[in-house]
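Asker: Below, each chain spelled out in residue letters.
Protein chains: 2
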Amino acid sequence: MTPERRRGEALVRAIHEAVLAEVADTGLGGLSMEGIARRAATAKTVLYRRWATPFELLIDALGEAHPVEVPTPAADDLRADLIAALTLLTDWMATPAAGAVLVITSERARYPELAEALYSKVFDPRGGTFTTTVLRHYAASGRVDPRRLTPITTQIGEALVFKLSIDNGRIPDVDELAAIVDEALLPALGL
Amino acid sequence: MTPERRRGEALVRAIHEAVLAEVADTGLGGLSMEGIARRAATAKTVLYRRWATPFELLIDALGEAHPVEVPTPAADDLRADLIAALTLLTDWMATPAAGAVLVITSERARYPELAEALYSKVFDPRGGTFTTTVLRHYAASGRVDPRRLTPITTQIGEALVFKLSIDNGRIPDVDELAAIVDEALLPALGL
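Protein chains in written order, with full-length UniProt numbering: chain A, 1 to 191; chain B, 1 to 191.
What the hints contain is simulated information worked out from the structure, not anything from laboratory work. Some clues are possibly wrong.
Claimed, not checked - Label pairs and their in silico Cβ distance ranges:
#1 B/Y48 / A/Y48: 40 to 46 Å
#2 B/D175 / A/P112: 30 to 36 Å
#3 B/V46 / A/G190: 54 to 60 Å
#4 A/E107 / B/G190: 38 to 44 Å
#5 B/G29 / A/P112: 45 to 51 Å
#6 B/G190 / A/T53: 47 to 53 Å
#7 A/R110 / B/R38: 49 to 55 Å
#8 A/Y48 / B/P112: 40 to 46 Å
#9 A/G99 / B/R49: 20 to 26 Å
Claimed, not checked - A few chain A residues that don't get close to chain B, going by computed Cβ distances all over 12 Å:
#10 T42
#11 A43
#12 W92
#13 P112
#14 G128
Unchecked claim - Among chain B residues calculated to face chain A with C-beta under 7 Å, some are:
#15 R147
#16 L149
#17 T150
#18 I152
#19 Q155
#20 I166
#21 G169
#22 I171
#23 I180
Ideal placement from N, C-alpha and C gives every residue a C-beta, glycine not left out.
My request is simple: use the sequences and hints to build the entire structure.
Answerer: Structure follows, in structure tokens:
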């Protein structure tokens, strides 16, 4: 890796951090290439070389920040892999990226195309929801009945994590994640 | 019922509607007895006779607007009663009361006591979550194992309704509510 290349990656990282910080400060309505460039201590022209609009840059930053779950095939431990997938989710929820996602979904009526891009370019390429990649892996290996993987069951983990967060005003801990897996997710898989 | 009494109830209803409309317009930070009184076409003194603060009035309005689920014991149809409970939820989600609840939960960090009052004075006296009253009824009659009623399983219905609403940008329809009951809730009850 050449020094120039490393500078390039560091710059992109700084720009990604800048756009997420800008969303937190100004909301979507106030997002501008000028504000992002200022915060990243770079020039607007540098941004335009790679991204056409602030929203395109925002979606790129969210894609980069989004965790990818990896089942541990050797272990063959569905329960542990599901808890790990939900832990990835709760770790991510504490990051600026999650704050920006919340802003985009709550402003969906005003910026429908941005919300659409969030799903099609960030969530869907990474499995759609947390736990889905793990569930597909165990369905492929025959441990889970593939007919149990539905648009409802693949949402159970995320839905309960978000609901408990709203009700309790804090991100669920690992005991609560285990309870979600044991009391809701595994039964819905017929296990 | 005397005409005076009826005027009193109509006035309270107008004040309740006014506070919910004010929250939608001004947010919690802009809520004032003056603004509510103006919108309800009454005097501030009339409000202070019954409520000490705008937040107390808001919680009162939300309690009044909150649906109460009633199982249909004669029918003994758990599935239909669960779908009916979730339909109460989705009907309520289209009302100004639900909009105010969303504002309160999203502003929880700034107004923690208001969020606390929402749970302790509005939700908890009505069963805590939609489906809980129905589940308790069937647990009492022996149709559902009471050990399956946990802080997780009583949240499954609401959690999935909210999650689908966020993801799809619309309130779930009755087929989706039935899928939530069939694919997530009944399995979590061991049924």
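Asker: All the hints need checking, so say for each whether the structure fits it.
Answerer: Right, here's what the structure says about each hint:
no., hint, result
1, B/Y48 / A/Y48: 40 to 46 Å, "57 Å, violated"
2, B/D175 / A/P112: 30 to 36 Å, "23 Å, violated"
3, B/V46 / A/G190: 54 to 60 Å, "59 Å, holds"
4, A/E107 / B/G190: 38 to 44 Å, "40 Å, holds"
5, B/G29 / A/P112: 45 to 51 Å, "27 Å, violated"
6, B/G190 / A/T53: 47 to 53 Å, "51 Å, holds"
7, A/R110 / B/R38: 49 to 55 Å, "28 Å, violated"
8, A/Y48 / B/P112: 40 to 46 Å, "43 Å, holds"
9, A/G99 / B/R49: 20 to 26 Å, "42 Å, violated"
10, T42, "32 Å, holds"
11, A43, "36 Å, holds"
12, W92, "16 Å, holds"
13, P112, "7 Å, violated"
14, G128, "9 Å, violated"
15, R147, "10 Å, violated"
16, L149, "10 Å, violated"
17, T150, "5 Å, holds"
18, I152, "4 Å, holds"
19, Q155, "5 Å, holds"
20, I166, "5 Å, holds"
21, G169, "5 Å, holds"
22, I171, "13 Å, violated"
23, I180, "6 Å, holds"
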